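Peer 1: Quick mapping for you: the protein sequence lines, in order, are chains W and P. 377 is the number that numbering that gives the first Met the number 0 gives to position 378 of the first sequence; each next residue is one higher, with no gaps. 601 is the number that numbering that gives the first Met the number 0 gives to position 602 of the second sequence; each next residue is one higher, with no gaps.
Possibly wrong hints are sitting among the right ones.
[Unchecked claim] Pairs of lysine-lysine residues, derived as BS3-like cross-links and limited to a Cα-Cα distance of at most 30 Å, are as follows:
1. W:K616 - P:K642
2. W:K97 - W:K69
3. P:K642 - W:K577
Derived by calculation from the structure, the hints in this document are not laboratory data. Since the model is a prediction, treat every value here as computed from it, not as a measurement.
Chain by chain, the residues run as shown.
2 protein chains.
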Amino acid sequence: MSFQKTSHVPMEKVTVEDPFWSQFMERVRTKLIPYQWRALNDAVEGAEPSYCIRNFRAAAGLADAPFGGKVFQDSDVAKWLEAVSYTLMWHPDPELEKLADETIELIAAAQQPDGYLDTYYILNGLSDRFTNLRDNHELYCAGHMIEAAVAYYRATGKRRLLEVVMRLADYLDTVFGTEEGKIPGYPGHEVIEMALFGLFRVTGVEKYKRLALYFLDQRGQEPNYFGTEHQNVPRRWLSYTMGYAYNQSHLPVRRQTEAVGHSVRAMYLYAGMADAAREENDEEMLLALRALWKNMAYRRSYITGAVGSSHWGESFTFDYDLPNDTVYGETCAAIGSVFWARRMLELEPAGEYADVMERALYNGILSGMSLDGEHFFYVNPLEVLPEASEKDESKRHVRPERQKWFSTACCPPNLARLVASLPDYIYGTADDTLFVHLYAGSTVNTEVNGRPVSVRTVTGYPWKNRVSISVSTEEPLAFTLALRIPGWCRNYRVCLGSEELRGEQKNGYLYLARTWRDGDEICFTMDMPAERVYAHPLVRADNGKTAVRRGPVVYCLEEADNGQQLNRLVLERGEELKVREEPGLLGGVVTVEAAVLREKDAGGGSLYRTEAPSYEKVPVTFIPYYAWANRGAGEMSVWIREKE
Amino acid sequence: MSFQKTSHVPMEKVTVEDPFWSQFMERVRTKLIPYQWRALNDAVEGAEPSYCIRNFRAAAGLADAPFGGKVFQDSDVAKWLEAVSYTLMWHPDPELEKLADETIELIAAAQQPDGYLDTYYILNGLSDRFTNLRDNHELYCAGHMIEAAVAYYRATGKRRLLEVVMRLADYLDTVFGTEEGKIPGYPGHEVIEMALFGLFRVTGVEKYKRLALYFLDQRGQEPNYFGTEHQNVPRRWLSYTMGYAYNQSHLPVRRQTEAVGHSVRAMYLYAGMADAAREENDEEMLLALRALWKNMAYRRSYITGAVGSSHWGESFTFDYDLPNDTVYGETCAAIGSVFWARRMLELEPAGEYADVMERALYNGILSGMSLDGEHFFYVNPLEVLPEASEKDESKRHVRPERQKWFSTACCPPNLARLVASLPDYIYGTADDTLFVHLYAGSTVNTEVNGRPVSVRTVTGYPWKNRVSISVSTEEPLAFTLALRIPGWCRNYRVCLGSEELRGEQKNGYLYLARTWRDGDEICFTMDMPAERVYAHPLVRADNGKTAVRRGPVVYCLEEADNGQQLNRLVLERGEELKVREEPGLLGGVVTVEAAVLREKDAGGGSLYRTEAPSYEKVPVTFIPYYAWANRGAGEMSVWIREKE
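Bound conformation, chain W alone:
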């Protein structure tokens, strides 16, 4: 085994101008971020108050109010600041920046003289801090604040928040560790690990990396810290079947092989582990990560990129257990899988990592936000029957309509920060190679082998199957352009002018090594039929069913197009799937149409009968999954029965 490290090209060097993604990025900038600001300030009518800003004002001595909201409420403003930072990188906005600066001052004012920063304990009593790492999210909030500070520094060069979080991290470094007098603990909810790596990268301060490595390697050591901790603190612990696996502390991380427990925590942990493997050239960690990846990607993820099969503990369950109608599939978990996937790509350029990133982005993440940018899904089901959500307790978490906000409002801000930082995920470099991981209209100005190169991508992806990539270079430049061949793509063609280019296809990338000249423009064309996808036979929920996918986009049937009782529908094996461009529908989509069978009531109303099913033929329209639930509450299904 070995590392073949790559680096992602940071968004500072990438400009996105894309018919698909720009609309989502703009929606985040113009709708979600202002909406979120109102939410943080308890100004969204009909939504539960956040108390987030009020908590900071109270902690800073500027208001007299008790702590409000959840114990992790601080993280919401951190994620807002992070998302703001990214938008400022592609859309400067002095007014927004001023608001961010003021907010940062408020945060700084709340920080304690020793560097501590968490409004829950500042307001409720500092003497109790760090007594319930398992449940109370102090290190999680710290992690998000660090990520915000790094992003804001990247965006503006301003050090104010960076210095706040450095003081915080310095303080944490004095508190945590296995040395005498320190707390041998680690976070109940991970995120600070990858945050500290980020802080290390912008500051160069080694101890932040060391602290991250400590948090990773201490996790799951015997005796389990949370077991020790909870002899002294009140128990607030659901008796999940999974025990310590709930927060991935059941084993030392290097010995973990299965994606387990709370799925957002898991994704964040593995992302941090990937940072560690890269920083330390840690092969043992890479081995663990590969095992975890295989388990997640090949046994425990949905076709939409959703992860987390159960609402109990918002967790992974077991191999191939992927129910469509009781799934959790938290938006944050799919986002976490993107964080992790990009970091895996930085350990080794394998298409499967980018495939997962792409699948989650175009499906299970975008589904988290409505077309108006102001309604959100926490849970992203693959099958919904509104009556079940209403009348079956085990499906109450599955909502048929997006909500305005949540008391635990992790998902909308997470979506904002990911979509706003999309340019961070498109390109990568390694030695003499420029990787194109995602296909989105964009320009990258970077270096390969120390020489500047500019590449511009123009595409109508994911609706169109053509990608044009042109090179700008002052003088002819020898380098390798590595195009990702998506896992869904079986046939493609690459031309430079009239010349068909042949390169080496390896591990999901087509490597085109040549001396590129200014103005060289390649045309990459992928066969992109609407096609049937089948699940592994052990996926019980999908047995005998098929899903429709075109390119990276997974489709679904919705009541708005196809009426109720979607479960009656059966797609015949030979039936044609017709693709239709619908620029006026759902913000502009491509739909898939087909004639399907609809099961009739052959048994005269009896519940069980010996008459075999009979059918009538009806037309149906599949829409992109991410765009569902924008036309009122109704049934939805990704998987449809198939008749061979």
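Chain P: place on chain W using the hints.
Peer 2: Relative to the frame of chain W, chain P by itself:
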């Protein structure tokens, strides 16, 4: 509308000698009843103590112990006594009767001077009695004690317990009612309604019937009693989506049209309503019962006779919501459906009532007990994956193996009293008609039109398709013999000697009116192929699937015969189902064999793939559902995918 009342022939007039049922009745007598006695006395190793007898001893002042076990623990000994009573009717046993007499003395000793009898409140403070009718099961325990007393009086003629429960009922009659100074309440868990009708029938005391009618008609009146009650008592109420529907108090019973809430409570309520309709010739009640019946039988019951789709509240959910792997399907609920069905038959002789009775008896009730008579299911799933029961919280209630006992031990004693009283369910009479509702080897000595008649049934049912019914009569007797034509039976033939008899088939019964002579023996032969059954297309869980049934027996696939990953199996439409007698297997069963397709892993391990499923052919064996889980923990499935 009108009543066509029938009467069931009570078991005092029926002797069962049947190759199928006698073994279960004997198992109840020789295994379950002694085992249950040990359980009641906390003498089953490895099982949670019952405390039941200890509670009565403490309440009687014979022991110094706090109340132990659940609030409804008294009902366990009542159900034991009831089961004992029935066995004494077909297997006199002086020693067992002595034990029962002693137990009755203990119960009598615990009764309070005013007639009150519930050890929970006797031991915890009588001042609190009747303050939490919703949760605390006092009237439920009273109901079961009344049922025990009636049964013991029927079996032995002894009045000791009957007098105890009459004092109890007299007392309750002074407590409950809408009159000034009385409590306008009713039970949170029904059963006392049908019990009081039974007490009325053996004693002739009208006020018991009046009290039952009051409990029925007061239920669900506004303001809701439980709403009023729980302003004053501590809340111990799960926030089910169903609210008052949980215990069927959401509406006055005459306005109820859907089987809702806790399924055992629902079945017991409807049984009580049927008693009321019969006693009072209450057409409005009959109309409500028909609506409830249609809803339960045609929209909310499983092919095994199980009812209760969700473990949340152990309840009904909504129409056609019949998940196989998260079902509750409590043994008690299927038993309750038999109580209700027989009472519906007494309102009008329609085959659909007997069909439900038969389906539950041969499938979802017998499945509740192991072949050793000492292990039990509370929940009777139609699909089990042991890994899911272990790792998925939403399926923890679904056990892959029967348990020794339960802290809430309602099911085993309920099963004991039903199976021990099986002779109570076989025959019915009305005017000049003798109905045969169930086919079991037995002799009935009853009267039609005031003239004695004896009929003997000999059959190998449900394995054999022939039923021989012979008449003994002192002199030729004109009467109608009404044979139930099971709902599953499409072709049959009835002969008397070489003469084929033709009668009128109406509403599920074949009416054979003639003058019967001593020794007349008819041969009733039903076509009984193993066949595929399909569910209504709105039953999402069964779409694209089929179940195998032969006669009244529903089959399943079990890991013990067919290996793991049963979900890979697909039955082709044209494939032959071969029937095989297996006298040495599982206590003697008929199995069904077939060659089925087994889905191969066409996609090289990938989770989602465009390769269509491919198959190999493998042989499988279906066993009767009731006999599953007698060969270790493993997968099981009633429904199998079908390929047309």
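Peer 1: Each of the hints needs a verdict: does it hold here or not?
Peer 2: Hints and how they fare:
1. Distance hint between K616 (chain W) and K642 (chain P) is fulfilled; the C-alpha atoms sit about 19 Å from each other, no more than 30 Å.
2. In summary, the hint linking K97 (chain W) to K69 (chain W) is supported, as the alpha carbons are separated by about 27 Å, within the 30 Å threshold.
3. Taking the CA atoms of K642 (chain P) and K577 (chain W), the gap is about 26 Å. The hint holds against a cut of 30 Å.
This entry satisfies every hint, going by the numbered hints stated previously.
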